[in-house]
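For the protein sequence lines, the chains are X and V, in the order given.
Just so we're aligned: the first sequence equals residues 644 to 899 in the numbering used here.
Just so we're aligned: the second sequence equals residues 5 to 553 in the numbering used here.
Each hint should be verified, as a subset may be incorrect.
Label-pair ranges, simulated between beta-carbon atoms [to be verified]:
| id | chain 1 | residue 1 | chain 2 | residue 2 | range |
| --- | --- | --- | --- | --- | --- |
| 1 | V | I127 | X | S751 | 43 to 49 Å |
| 2 | V | R314 | X | K704 | 52 to 58 Å |
| 3 | X | V821 | V | P132 | 45 to 51 Å |
| 4 | X | A810 | V | R314 | 56 to 62 Å |
| 5 | X | K852 | V | I127 | 27 to 33 Å |
Below, computed lysine-lysine pairings styled on DSSO-like, alpha-carbon distance capped at 27 Å [what the hints assert, rightly or not]:
| id | chain 1 | residue 1 | chain 2 | residue 2 |
| --- | --- | --- | --- | --- |
| 6 | X | K826 | X | K854 |
| 7 | X | K710 | X | K826 |
| 8 | X | K720 | V | K419 |
| 9 | X | K704 | V | K419 |
Treat the hints as calculated values from the structure; they're not laboratory data.
Just so we're clear, the structure is a prediction, and the values are computed from it rather than from any experiment.
Note that the Cβ used here is the ideal one computed from N, Cα and C, for glycine as well.
Below are the chains, spelled out letter by letter.
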Amino acid sequence: MSELAVNVDGLCVMYGSFKAVDGLSFKINRGEIYGLLGPNGAGKSSTLKVLAGILEPSYGKVEIFGKPISEEIEVKKLIGYVPEESILLESLTPREFFEFIASVRGLSGEVNPRLSKLVLAFELTEYFDTPIATLSMGTKRKVSVISALLHEPPLLILDEPLIGLDARSSRILKELIVHHARKGGAVVFSTHIMEVAEKICHRVGIIHKGKLVGEGTVSELRQLIRSAEVSLEDIFLKVTQQEAGIRDLIVALEEG
Amino acid sequence: MAEKFFKLWKISGTVYREICFQSIFSLRLGAPLPQMDSDKIRKVARQVEMNMLVSKILVTIFVAVLAVMPLGYWSYFVMGLKLVEELAIVGCVSVFLASLFFLLVVLGLQTTTSLMATKAFEILSSFPISRGDVSKIALFSFLRIFDMPLITALAVFPAAFSIVVRSFFGGLAALFTVVLTEIFAMALTIGLSKLFYSRIVAGGGGSKYRTIMRFIYMLIWILPSFGIYLAMNFATQILQVLAYSLTQMSVIQTFALALVYPFSLGFTTAFATFPHKISLMHAAALAVSTFLYTALAYLGLNYTGSTIRRIGSGGVIIASKAFVRDLVIRPKSPYLGVIIKDLRVASRSPSYASILMLPALQAVIILISLGLVRIDLPMVLGFLAGISLMSLIVAPTLFSVETLASAYTRSLPLKRRTVIAAKTFLSTLTYVSCVVALAAFTLYLRREIFSAVAFGLVQAVSVTAGCMFELLLLAERFWKIELSPGNIYASLSTFVMVLIPGVVLCLTPMMVCVALGFSSALFTLTVFLAIATLELAVVAAVTNLLVKN
Ligand SMILES: Nc1ncnc2c1ncn2[C@@H]1O[C@H](COP(=O)(O)OP(=O)(O)O)[C@@H](O)[C@H]1O
Ligand SMILES: [Mg+2]
Numbered sequence: 644m645s646e647l648a649v650n651v652d653g654l655c656v657m658y659g660s661f662k663a664v665d666g667l668s669f670k671i672n673r674g675e676i677y678g679l680l681g682p683n684g685a686g687k688s689s690t691l692k693v694l695a696g697i698l699e700p701s702y703g704k705v706e707i708f709g710k711p712i713s714e715e716i717e718v719k720k721l722i723g724y725v726p727e728e729s730i731l732l733e734s735l736t737p738r739e740f741f742e743f744i745a746s747v748r749g750l751s752g753e754v755n756p757r758l759s760k761l762v763l764a765f766e767l768t769e770y771f772d773t774p775i776a777t778l779s780m781g782t783k784r785k786v787s788v789i790s791a792l793l794h795e796p797p798l799l800i801l802d803e804p805l806i807g808l809d810a811r812s813s814r815i816l817k818e819l820i821v822h823h824a825r826k827g828g829a830v831v832f833s834t835h836i837m838e839v840a841e842k843i844c845h846r847v848g849i850i851h852k853g854k855l856v857g858e859g860t861v862s863e864l865r866q867l868i869r870s871a872e873v874s875l876e877d878i879f880l881k882v883t884q885q886e887a888g889i890r891d892l893i894v895a896l897e898e899g
Numbered sequence: 005m006a007e008k009f010f011k012l013w014k015i016s017g018t019v020y021r022e023i024c025f026q027s028i029f030s031l032r033l034g035a036p037l038p039q040m041d042s043d044k045i046r047k048v049a050r051q052v053e054m055n056m057l058v059s060k061i062l063v064t065i066f067v068a069v070l071a072v073m074p075l076g077y078w079s080y081f082v083m084g085l086k087l088v089e090e091l092a093i094v095g096c097v098s099v100f101l102a103s104l105f106f107l108l109v110v111l112g113l114q115t116t117t118s119l120m121a122t123k124a125f126e127i128l129s130s131f132p133i134s135r136g137d138v139s140k141i142a143l144f145s146f147l148r149i150f151d152m153p154l155i156t157a158l159a160v161f162p163a164a165f166s167i168v169v170r171s172f173f174g175g176l177a178a179l180f181t182v183v184l185t186e187i188f189a190m191a192l193t194i195g196l197s198k199l200f201y202s203r204i205v206a207g208g209g210g211s212k213y214r215t216i217m218r219f220i221y222m223l224i225w226i227l228p229s230f231g232i233y234l235a236m237n238f239a240t241q242i243l244q245v246l247a248y249s250l251t252q253m254s255v256i257q258t259f260a261l262a263l264v265y266p267f268s269l270g271f272t273t274a275f276a277t278f279p280h281k282i283s284l285m286h287a288a289a290l291a292v293s294t295f296l297y298t299a300l301a302y303l304g305l306n307y308t309g310s311t312i313r314r315i316g317s318g319g320v321i322i323a324s325k326a327f328v329r330d331l332v333i334r335p336k337s338p339y340l341g342v343i344i345k346d347l348r349v350a351s352r353s354p355s356y357a358s359i360l361m362l363p364a365l366q367a368v369i370i371l372i373s374l375g376l377v378r379i380d381l382p383m384v385l386g387f388l389a390g391i392s393l394m395s396l397i398v399a400p401t402l403f404s405v406e407t408l409a410s411a412y413t414r415s416l417p418l419k420r421r422t423v424i425a426a427k428t429f430l431s432t433l434t435y436v437s438c439v440v441a442l443a444a445f446t447l448y449l450r451r452e453i454f455s456a457v458a459f460g461l462v463q464a465v466s467v468t469a470g471c472m473f474e475l476l477l478l479a480e481r482f483w484k485i486e487l488s489p490g491n492i493y494a495s496l497s498t499f500v501m502v503l504i505p506g507v508v509l510c511l512t513p514m515m516v517c518v519a520l521g522f523s524s525a526l527f528t529l530t531v532f533l534a535i536a537t538l539e540l541a542v543v544a545a546v547t548n549l550l551v552k553n
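Just chain X, same shape as in the assembly (with noise of 0.2 Å):
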């Protein structure tokens, strides 16, 4: 396999004639955690849909392991996907939807040590008999991380990951991703939480309209803006310009 874990160029995403991702460029190498950052509408969510094998590229090269997104079947073998809504299928309970998945996986019931670990470690276990529909977002949310951590996939691809979860579920997929890229894994993540990109991402990009509009280690990006001080967010807001508008918005919002 090949050292890249992902490999995208010139990725274009259509919605009828919206261009919602415009010639998207980046690569992420195993072992390396990398957060997508941007604000509402940026894009994330549809650059993530593709590499995960959800939505066709309209235009662009994506490579997962090496290998063209269109090998569909082999690409989404690699893949762990946890989508940015956990809509999953409502009318199973979480262990008839493991079940399902670990079937489609064409896993063995040596998986079950595994699954055990994870569902005692997301406090999942009082609900694993209840249907899917009646839980809350967050445990929602557990079920689809399960589910995507379950076959050990090399590449995981997590959609704002940590929205709806408690503090101590948030805290272990944290650990566990980091974890997950000690061991060699790829993972590529989107939120808008600053902090966390700052801690535990070895690269950022950071994605407005469609476009790059920055990417690096937080101290490259640090350096781009030319100050120390600055954190993540100011980088954040300086690249994607808006900046200058939010602190207008703001003395006119105190002003009254």
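Given chain X, put chain V with the ligands in place with the hints provided.
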């Protein structure tokens, strides 16, 4: 007051549209609408509204026809069967009430489960609208599900009745019985949906006990649709049987009948029309039963109101946490995994479940007629064609299950071949199990069953070919573009375009046999098998060629 009423009525319109949308995209959650711009989405929403309106108008026409039809037999009853007029009234009124009841329940069940599940009321509650008003909106949205048929029944039947029978009080009584029936139907609808929602959707998965309970509730749910199907198939027979038995009945028997719904209400109408013709004993019985049914309707109305109010305040869904024995799962092959998942999903959603039951329903209808008539080979073929057609409807329905949560499941390495194979198997299974049941029953009746079994099994090959071809078309056309999930009404045109080639494939071998005549059963059977096998081989080869993974 009136102004406020109109305001709430208007809001309920929005809620109602949302409910329709959800029931058509039943459990639509998670079926993505990607690669659609807002124009397209608006178009889909409009289409849903149109579909809802069309099905409502169809039901309304149905109600109107049902309301006039029994009265059309009036002269036949009175002149032909020499049935006394008051008994003819009993026949007409009770048949209409029974059909109206079933029709309303079936119509209501299509949408009320969505009423239970909708988040619309939660959202409304967060607006500056009082709790009481939210409940009223819930009630109005519920009424909107039924509005046209309710009003049609109320207007057409009493009017037609008073014209045919020439009695004003009779018409008034007819109106009263229709009101009672509508209340009963709504109460049953709301009760069944609540049961379905709280016990089946929200009520835990695992244990054997729950599986059995779910099955029983499913049967309860199916019963009304079954009833209406029977009524449609046998409406005239039922009327005739009823009219005939009424002429044969002893006084005691009619007396007992006067206590039972819907006949009791028929007697009430008859009494109001011809007060002098009813014996004192009957009158007394009627007074009692009318009082009881009115009280029951009152309770039903209260129950409906309070349940809907609870929906408005979000108190219906009871999630019972099941006891968790262990955390062990038993993965199967991908193929079996899809089959099991489909069975689970389909059995928990009324709209899928009812379609999955269609072949069985058809088989039951056939069983009943088997008891009544002599069968010959062409008739057997006709029966088999009927069940096959139902199975051909099952296949696309199963495919649409695949769109549920596809925004997630599409990230799984699931091969299209596996999906086609699994769903072909399941659809064919619905056919084969019906044929086996039919064969067992003919054996029990000691009929000559060789032809039924042999032709039934050979036809299974054509059913497989038909279903596989339908699924191939769907997989080729809709794997990338989304098929609107949920019930088939949502994409009727697509559905028909897929169904037609499936039906042609499935019935061609049989048609050839019919064309050949039935001089030798063995020869016919051989030709049948040859053509069917050829078809299946071709479809399988094409699938193999087109669907690489
Ligand atoms: N199914 C869709 N149809 C039309 N437009 C869409 C669809 N999904 C997303 N969009 C639009 O594409 C843009 C990017 O969306 P998305 O990728 O979800 O952004 P993000 O995840 O960064 O918030 C947004 O403007 C959004 O409105
Ligand atoms: Mg997003």
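Comparing the hints with the structure gives:
{"no.": "1", "hint": "V/I127 - X/S751: 43 to 49 Å", "result": "holds (45 Å)"}
{"no.": "2", "hint": "V/R314 - X/K704: 52 to 58 Å", "result": "holds (55 Å)"}
{"no.": "3", "hint": "X/V821 - V/P132: 45 to 51 Å", "result": "holds (47 Å)"}
{"no.": "4", "hint": "X/A810 - V/R314: 56 to 62 Å", "result": "violated (34 Å)"}
{"no.": "5", "hint": "X/K852 - V/I127: 27 to 33 Å", "result": "holds (30 Å)"}
{"no.": "6", "hint": "X/K826 - X/K854", "result": "violated (31 Å)"}
{"no.": "7", "hint": "X/K710 - X/K826", "result": "holds (21 Å)"}
{"no.": "8", "hint": "X/K720 - V/K419", "result": "holds (11 Å)"}
{"no.": "9", "hint": "X/K704 - V/K419", "result": "holds (23 Å)"}
In the structure shown, a violation is registered for the earlier hints numbered 4 and 6, in ascending order.
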